[in-house]
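S.K.: Here's the letter readout for the chains.
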Amino acid sequence: MVIVELSDVRKVYPLGKVEVEAVKGVSFAIEKGDFISIAGPSGSGKTTILNMIGCVDRPTSGIVTIAGTPTKDLKDKDLTTLRHDTLGFIFQTFNLVPVLNVRENVEFPLLLGKERGSKKEREEWIDYLIEEVGLTQWAKHRPNELSGGQRQRVAIARALVGKPQIVLADEPTANLDSKTGEQILELMKKINREMETTFIFSTHDARIVNIADHVIRLQDGLVVENVRKGEDAIAATAAEAAEAGQGGRS
Amino acid sequence: MKTLVKIAFKNLNRQKKRSFLLGGAIAFGIMVVTIINGFAGAFAKNIAGNMADLFAGHVFVEGVEKSAKGKPVEVIRDATVLNEALAASRVDSRLVQKRSAADATLVFEGKKANQSIWGADFANESYLKRRLVLKEGSYDDLLAPNSLVLSEKVARKLKAELGDKVLVQLKTVSGQNNVGEFTLRGITHDMGLFSNMLAYASRDDLNSLLALGPEEFQLYGIMLDDLSKAEPARDALVAALKARAQVFELSAAEVSPSGAAGMQSRYYKLNRLAKKESWEGAKYRVFTINDMISQVEELVKVLNSASLVILAVLFVIIMVGISNTFRMVMYERIREIGTMRALGMQRPSVKRLFLLEAGFLATGGTLAGLAAAGLVMLILSLFDFGTGTFFSLLMRNGHLTFAVGPVQAALNFVIVLALTLLAAYLPARKASRLEPAVALRSTK
Ligand SMILES: Nc1ncnc2c1ncn2[C@@H]1O[C@H](COP(=O)(O)OP(=O)(O)OP(=O)(O)O)[C@@H](O)[C@H]1O
Ligand SMILES: [Mg+2]
Numbered sequence: 012m013v014i015v016e017l018s019d020v021r022k023v024y025p026l027g028k029v030e031v032e033a034v035k036g037v038s039f040a041i042e043k044g045d046f047i048s049i050a051g052p053s054g055s056g057k058t059t060i061l062n063m064i065g066c067v068d069r070p071t072s073g074i075v076t077i078a079g080t081p082t083k084d085l086k087d088k089d090l091t092t093l094r095h096d097t098l099g100f101i102f103q104t105f106n107l108v109p110v111l112n113v114r115e116n117v118e119f120p121l122l123l124g125k126e127r128g129s130k131k132e133r134e135e136w137i138d139y140l141i142e143e144v145g146l147t148q149w150a151k152h153r154p155n156e157l158s159g160g161q162r163q164r165v166a167i168a169r170a171l172v173g174k175p176q177i178v179l180a181d182e183p184t185a186n187l188d189s190k191t192g193e194q195i196l197e198l199m200k201k202i203n204r205e206m207e208t209t210f211i212f213s214t215h216d217a218r219i220v221n222i223a224d225h226v227i228r229l230q231d232g233l234v235v236e237n238v239r240k241g242e243d244a245i246a247a248t249a250a251e252a253a254e255a256g257q258g259g260r261s
Numbered sequence: 131m132k133t134l135v136k137i138a139f140k141n142l143n144r145q146k147k148r149s150f151l152l153g154g155a156i157a158f159g160i161m162v163v164t165i166i167n168g169f170a171g172a173f174a175k176n177i178a179g180n181m182a183d184l185f186a187g188h189v190f191v192e193g194v195e196k197s198a199k200g201k202p203v204e205v206i207r208d209a210t211v212l213n214e215a216l217a218a219s220r221v222d223s224r225l226v227q228k229r230s231a232a233d234a235t236l237v238f239e240g241k242k243a244n245q246s247i248w249g250a251d252f253a254n255e256s257y258l259k260r261r262l263v264l265k266e267g268s269y270d271d272l273l274a275p276n277s278l279v280l281s282e283k284v285a286r287k288l289k290a291e292l293g294d295k296v297l298v299q300l301k302t303v304s305g306q307n308n309v310g311e312f313t314l315r316g317i318t319h320d321m322g323l324f325s326n327m328l329a330y331a332s333r334d335d336l337n338s339l340l341a342l343g344p345e346e347f348q349l350y351g352i353m354l355d356d357l358s359k360a361e362p363a364r365d366a367l368v369a370a371l372k373a374r375a376q377v378f379e380l381s382a383a384e385v386s387p388s389g390a391a392g393m394q395s396r397y398y399k400l401n402r403l404a405k406k407e408s409w410e411g412a413k414y415r416v417f418t419i420n421d422m423i424s425q426v427e428e429l430v431k432v433l434n435s436a437s438l439v440i441l442a443v444l445f446v447i448i449m450v451g452i453s454n455t456f457r458m459v460m461y462e463r464i465r466e467i468g469t470m471r472a473l474g475m476q477r478p479s480v481k482r483l484f485l486l487e488a489g490f491l492a493t494g495g496t497l498a499g500l501a502a503a504g505l506v507m508l509i510l511s512l513f514d515f516g517t518g519t520f521f522s523l524l525m526r527n528g529h530l531t532f533a534v535g536p537v538q539a540a541l542n543f544v545i546v547l548a549l550t551l552l553a554a555y556l557p558a559r560k561a562s563r564l565e566p567a568v569a570l571r572s573t574k
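First to last, the sequence lines map onto chains A and B.
Mapping the first sequence onto the numbering used here, position 108 (from 1) lands on 119, and the numbers just tick up by one.
Mapping the second sequence onto the numbering used here, position 343 (from 1) lands on 473, and the numbers just tick up by one.
Some hints could be false.
What the hints assert, rightly or not - Covered stretches of chain A, as calculated for chain B (at least 3 residues, CB under 8 Å): (1) 22-29; (2) 86-95; (3) 118-125.
Unchecked claim - In silico lysine-lysine, DSSO-like type, Cα no more than 27 Å apart, as pairs: (4) Lys151/A / Lys140/B; (5) Lys146/B / Lys372/B; (6) Lys199/B / Lys413/B; (7) Lys136/B / Lys125/A; (8) Lys174/A / Lys201/B; (9) Lys86/A / Lys289/B; (10) Lys241/B / Lys88/A; (11) Lys196/B / Lys28/A; (12) Lys295/B / Lys241/B; (13) Lys86/A / Lys372/B; (14) Lys131/A / Lys140/B; (15) Lys131/A / Lys201/A; (16) Lys151/A / Lys136/B; (17) Lys201/A / Lys35/A; (18) Lys560/B / Lys88/A; (19) Lys140/B / Lys130/A; (20) Lys174/A / Lys132/B; (21) Lys136/B / Lys130/A; (22) Lys301/B / Lys83/A; (23) Lys132/B / Lys88/A; (24) Lys151/A / Lys295/B; (25) Lys413/B / Lys196/B; (26) Lys481/B / Lys125/A; (27) Lys151/A / Lys201/B; (28) Lys201/B / Lys372/B; (29) Lys125/A / Lys413/B; (30) Lys88/A / Lys28/A; (31) Lys151/A / Lys413/B; (32) Lys151/A / Lys201/A; (33) Lys289/B / Lys301/B; (34) Lys359/B / Lys431/B; (35) Lys431/B / Lys413/B; (36) Lys132/B / Lys413/B; (37) Lys131/A / Lys132/B; (38) Lys175/B / Lys265/B.
Hints were generated in silico from the structure; no laboratory data involved.
We treat Cβ as the ideally placed atom computed from N, Cα and C, and that holds for glycine.
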């Protein structure tokens, strides 16, 4: 089942008097439950694409469909609700709320929307997630008392607390040493398998794409490789994609 | 909302120094204004209280007769009807004093001064004995015949010293010129504006000069145990006196007229009635200390409005600081705002988060300011400023006193809160309008 679909998506940033075309017409589809890597060198458009999937930014043109909802005409309020209900975020710089402790950070997204389930269920779920990321002893600590890897674990628990269908992670390991980075990726992979949450993460590290079910490689704002494990390359080159008019699986 | 409150509160603790400075500025403003309010609040009370001592009463009765020519003559020939009315009114009086008074010209070795003189009962007025602080001379000497007490200022003007004989020129109650010789036996401390109230002679001596009999007098002063009971006591006395004698009464429209006449004291208006009306025999007017000094209440209103202006000016300055700080805060926390927005926080909540923080700042600052004001007022009230100056009329026994009404304090708080929220509003709105992608990309 397709959960994310981009169709001829372009993003142009105004930069003073000139314009920067960060994404130049990209189409692809993502299957529910996959562990997807968006790879590419710096400046290739990874963050821009993740932002559009994450509904924190809008494409200049093209259509982004998240969990069956075309996002084009949604108002800010509805986009925010969609983010809250459907998406989880993990950031390169962790982005925890500094004044809240680990447990409060994990709980935070739950407090933003309508209450779901009983208080007891929610408490247990938060405890479970904190245990899952191995931070039970640190639950009462503030982010500034934690290591980078620990902070990113908090962020992972926070991203999962709303039981989102999709978790987006923009270079989640870039600020971590390689060993910690591997552990974080393994944790994400484990959760991906256990909870069947779709993970989309970006990286410019070619070595860590192996772990992914589906690799979308970008170059200069275009998809240059789109391969799902066990399937043929979907559109191996940008030229092919452009020729086909759209690069996604249909 | 609970989450927002919690985060807003914790955010204040992040930059302790900054919160402290801003909160301190708010606290300072509140403190200054509260002290002014407190002073103004006690000001009227103290003046009235001190005047009550000098005038020997809280509620007064004056009697007026019309002369053959139709001129009002201020005299009470017989206190019986007043004593009866007082008894019937059930007013709880502590003591009653009878005084006469005259506007006189004092002459000493070619120097002149205008002065109103009280004719007091030196032997029996216990209040006067306690309140009249003599710089020179002693109270007991005043019991000698033809004694005169003047304020330092007037004595200096006349270049008269203790023991000097001063001529007192005045008009008798019926308007004849008369003159008498008095001996200066007491000099009071100078009290500026109020020095004029501080000249005393014995009532018997003054009466003979005024062509009043020894039992006659002009002012019937009733001392209550508390100033706050003055107005009900006045009304009860008027009711009781009406059944026995003629009484001047103001119509409701005259009591609280609109426009400029609102500034005139009740006493002034009662006085005017005696000129307009005609009657036979004695007619009385009843009034309180407050009726005489209603201008003081106006002054209190002016002081309180001035304090509001000070509050406003201080807070316009403080608002600039708050506004700038919140703009800075917005940039400092831009990525945090982006994160919260990404995680599903709606725009209005972002705004609310900022405004809550500002609200906490205003509340904390106000509480601290009130506490500081309380402390300052407490310390100030411990000093004994002495009783010998004009300012002592504003104090109680030489001590500053303060009275801050809860309504006034609440009003100040509401103003501060509103201004703080206003100052934080624009940065808050700007923060709420940030595009999450832009906020997240920020490198701050
Ligand atoms: N707000 C912006 N204004 C102007 N240009 C921008 C803006 N954001 C991104 N760009 C440009 O768009 C292009 C793609 O940027 P993007 O951040 O998506 O790349 P990236 O693949 O995430 O790179 P990195 O690995 O460095 O994070 C770059 O050339 C970048 O300079
Ligand atoms: Mg990037």
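S.K.: Could you run down the list of hints and mark each one as holding or not?
M.R.: Results of checking the hints against the structure:
Requiring three or more residues with a Cβ within less than 8 Å of a Cβ of chain B, the coverage given for the region 22-29 of chain A is violated, as only 0 such residues are present. Note: the region 86-95 of chain A has 6 residues with beta-carbon separation from chain B under 8 Å; the three-residue rule is met and the coverage holds. Coverage of the region 118-125 of chain A by chain B holds [criterion: at least 3 residues with CB-CB distance below 8 Å; count 5]. Proximity of Lys151/A to Lys140/B is assessed by CA-CA distance (about 15 Å); at most 27 Å being required, the pair is judged to hold.
A hinted pair counts as satisfied when its Cα atoms are at most 27 Å apart, and Lys146/B with Lys372/B does not qualify at roughly 69 Å. At most 27 Å may separate the alpha-carbon atoms for a hinted pair to count; Lys199/B and Lys413/B meet this at roughly 17 Å. About 18 Å separates the Cα atoms of Lys136/B and Lys125/A, which keeps this hinted pair within 27 Å; it holds. For the proposed pair Lys174/A and Lys201/B, the alpha carbon gap of about 98 Å is over 27 Å, so the pair is violated.
Restraint check for Lys86/A and Lys289/B: not satisfied, since their Cα atoms lie roughly 90 Å apart, outside the 27 Å limit. A hinted pair counts as satisfied when its Cα atoms are at most 27 Å apart, and Lys241/B with Lys88/A does not qualify at roughly 88 Å. Of the pairs offered as hints, the one joining Lys196/B and Lys28/A is violated, with about 96 Å between alpha carbons and a cut-off of 27 Å exceeded. Taking the CA atoms of Lys295/B and Lys241/B, the gap is near 13 Å; set against the 27 Å cutoff, the hint holds.
Taken as a hint, the Lys86/A and Lys372/B pair is broken in the structure, with Cα atoms around 78 Å apart against an allowance of 27 Å. Using a Cα cut-off of 27 Å, the hinted pair Lys131/A and Lys140/B holds, with the two alpha carbons roughly 26 Å apart. For the hint pairing Lys131/A with Lys201/A, the CA-to-CA distance comes to about 26 Å; that is within 27 Å, so the pair holds. Taking the CA atoms of Lys151/A and Lys136/B, the gap is about 15 Å. The hint holds against a cut of 27 Å.
Between the alpha carbons of Lys201/A and Lys35/A the distance comes to roughly 34 Å, so the proposed pair goes past 27 Å and is violated. Taking the CA atoms of Lys560/B and Lys88/A, the gap is about 16 Å. The hint holds against a cut of 27 Å. Restraint check for Lys140/B and Lys130/A: the C-alpha separation of about 24 Å stays at or below 27 Å, so the hint holds. For the hint pairing Lys174/A with Lys132/B, the CA-to-CA distance comes to about 22 Å; that is within 27 Å, so the pair holds.
Proposed proximity of Lys136/B and Lys130/A is supported: the alpha carbons are some 18 Å apart, at most 27 Å. For the given pair, Lys301/B sits about 99 Å from Lys83/A by alpha-carbon distance, which is inconsistent with the 27 Å threshold. Between Lys132/B and Lys88/A the alpha-carbon distance is near 21 Å, which keeps this suggested pair within the 27 Å criterion. Simply put, Lys151/A and Lys295/B have alpha-carbon atoms about 90 Å apart, too far for the 27 Å limit, and the pair is violated.
Distance hint between Lys413/B and Lys196/B is fulfilled; the C-alpha atoms sit about 9 Å from each other, no more than 27 Å. Restraint check for Lys481/B and Lys125/A: the C-alpha separation of about 19 Å stays at or below 27 Å, so the hint holds. Distance hint between Lys151/A and Lys201/B is unfulfilled; the C-alpha atoms sit about 90 Å from each other, more than 27 Å. For a cut-off of 27 Å, the pair hint linking Lys201/B to Lys372/B stands: about 23 Å separates their Cα positions.
Between Lys125/A and Lys413/B the alpha-carbon distance is near 79 Å, which puts this suggested pair outside the 27 Å criterion. The suggested pairing of Lys88/A with Lys28/A is violated, with an alpha-carbon distance near 31 Å, which exceeds 27 Å. Note on Lys151/A and Lys413/B: the hinted pairing is violated, with a Cα-Cα distance of about 84 Å set against a maximum of 27 Å. Note on Lys151/A and Lys201/A: the hinted pairing holds, with a Cα-Cα distance of about 25 Å set against a maximum of 27 Å.
Only pairs whose Cα atoms come within 27 Å are accepted, and Lys289/B paired with Lys301/B is accepted, the gap being roughly 24 Å. Straight-line distance between C-alpha atoms of Lys359/B and Lys431/B comes to about 22 Å, which keeps the hinted pair within the 27 Å bound. Between the alpha carbons of Lys431/B and Lys413/B the distance comes to roughly 34 Å, so the proposed pair goes past 27 Å and is violated. The straight-line distance between the Cα atoms of Lys132/B and Lys413/B is roughly 70 Å, outside the 27 Å bound, and the hint therefore fails.
Taking the CA atoms of Lys131/A and Lys132/B, the gap is near 18 Å; set against the 27 Å cutoff, the hint holds. Taking the CA atoms of Lys175/B and Lys265/B, the gap is near 26 Å; set against the 27 Å cutoff, the hint holds.
This entry does not satisfy hints 1, 5, 8, 9, 10, 11, 13, 17, 22, 24, 27, 29, 30, 31, 35, 36, going by the numbered hints stated previously.
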